[in-house]
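Work the whole structure out from these sequences, hints included.
2 protein chains.
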Amino acid sequence: MTILLYDLVGQDDRRFSSNCWRTKMALAHKGLSFSTIPTKFTEIRNIGDGSFTTVPVIDDDGTWICDSWTIANYLDERYSDRSPLLAGSDGYQHALFVQEWAVSRISTLVFTMIVEDIYAQLTPEDKEYFHMTRSKRVGRNIDGIQEGREHRLLDLYERLEPMRKVLAESPFLGGDYPSYSDYVALSPFIWARTVSAFAIIKSGDPVYDWFQRVLDLYDGLARANPGYDW
Amino acid sequence: MTILLYDLVGQDDRRFSSNCWRTKMALAHKGLSFSTIPTKFTEIRNIGDGSFTTVPVIDDDGTWICDSWTIANYLDERYSDRSPLLAGSDGYQHALFVQEWAVSRISTLVFTMIVEDIYAQLTPEDKEYFHMTRSKRVGRNIDGIQEGREHRLLDLYERLEPMRKVLAESPFLGGDYPSYSDYVALSPFIWARTVSAFAIIKSGDPVYDWFQRVLDLYDGLARANPGYDW
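For the protein sequence lines, the chains are G and S, in the order given.
Per the numbering used here: the first sequence = residues 1 to 230.
Per the numbering used here: the second sequence = residues 1 to 230.
Mixed in with the good hints, there may be bad ones.
Remember, identical chains collapse to one label, so a pair may be satisfied in a single copy or spanning two.
What the hints assert, rightly or not - Taking lysine to aspartate or glutamate pairs in the DMTMM-like style, the calculated list, with each CA pair at most 25 Å apart, reads:
id	residue 1	residue 2
1	136	59
2	165	155
3	202	100
4	30	143
Since the hints were derived computationally from the structure, they do not count as laboratory data.
Structure representation (C-alpha cells):
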C-alpha cells in the first residue's frame, strides 16, 4: 500500500511546510512509497475523521498518525526492517536535540525573514487564517516583520556554528549517511527556499554545501519542490 | 593500573578546567580508577615528554593521550567492555553536536561572565600567561569584560532552550541515563561554579535541575570539587 501524506500547499503547488518536509524525507529514507495530498490550512479540518488540527498527517492503510515526530517513531516501529530513522536511544536523543535546536534557535529567526513571503504565496482562502495566527504567535502584526532581514543574517550565521563544526568532520549530521537529525535541520532551509528569493545561506558556507547535498538525496526529492534556486 | 590525569589547578585546589571535567566524568562513567595530578598552566610543558601544550592529558599505564575528545574515543576503544561513552555512529554524532553547541554558543558567552573570576583564582605564576592568552583570544583586554554580566543572562537562558526542551522529556541529554553529551554540556557550568559566585543558572530552570543531577553522579564527583554552592 502507498502511504498517503496530507501536505500543506500554497499557490503554484508550493509545498512549504517545514514539518511536512521532515515526514517526506523520513518516508524516502525508509524507502517507502508515498503520495501527497495537497492540503490548504483551511482544509486540515476535513482530513480523515475531522479530528486533526495540524499536518503532517499520514494514512498508512487505515492507520492515521499526526505530528512529524510521532510519525518518525511510528515508521521505525512499523517498518523496523528498513533503515532506522532514530531507532535506539542515541539516535533518538540526537535527533531530539537537533530538532529542539532547529526549532527554538533557527526557525524562530528564519520566521522573521520569510513569513511575509509565505503569506504572499498562500492561496486566497488561507491568507486571513495565516495572518491572524502568525501575528498572534509573535505578539505583533507580521506586516513589515521582514524589514532589515539582511542585518539578521550574521546572527543566523553565528547560530549555525555548531552545525558548521560537525559538518567539518562528516558530510551529514548523521555522520557518513543522513539520519533524521539531517531532516529536522533541513526543515527551516527548505521552508525558506520554497517561498523566498532571499537566500538565508550562501555558497562558501559548509552549511550551504550540506543543504545542497540534502536537496540531492532520494533523486532530488526536495530539490524538485517548486521554489527558488539557492 | 590507575589512570593518571593531568588536571588544571588554581588556588585552593580549584579544578576549573571545563575540558578536564569532561575527562573526569568520562573516566567515572567507564568505572575506571584514576588519580589527578594538579597542574598549573605554566607546568603543562613539563608533562611527560614535554610535547603537550594543553590538558587534559592522561597516562594509561604508559599510553599517553591528549585532548578530551580523543581521550573519550580512546577509552571506548580500549575499554570496550565497559559502558560506552559515544560508541556507535549515533552516540558519536550526538555528543559531537552537543559539544560543538556547548563550545560555540554557551562557553563563549559564559566566558564573558567568569573570565576575571578565573584570573582572580589562579596561582600567581599562572596569572600573566592567562591574562595575555585570553585577552588575545577575545581581541580585547579581559579587564572589565564581566561588567553587565547580569544583563547577558537572558541571552544565555534563550541559548539553552534546546537543552531545556530535551530535558522536558528525559532526565539526561543521553535519555534515561547520562551519556558523553551530558558531560560536554556540563563543562561550561562546572567551569563557572568552580570559580564564580555568580550563578549562571538558577533554581526553577530545568537546566538547573539537570545540573544538580549531574553534580550528584558518581558519588558526587563534580559536587565535591571546591567551588561555589549553586
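Consistency of the hints with the structure:
In this homomeric assembly, residue 136 and residue 59 never come within 25 Å of each other (Cα to Cα): the closest approach is 31 Å inside a single copy and 58 Å across copies. In this assembly of identical chains, residue 165 and residue 155 lie within 25 Å of each other by CA distance both inside one copy and across copies; the values are 16 Å within and 22 Å between. Taking the shortest alpha-carbon separations for residue 202 and residue 100, both the intra-copy value of 24 Å and the inter-copy value of 21 Å come in at or below 25 Å. Neither within a single protomer nor between protomers do residue 30 and residue 143 lie at most 25 Å apart by alpha-carbon distance, with minima of 40 Å and 55 Å respectively.
Hint compliance for this structure: hints 1 and 4 are broken, all remaining hints hold.
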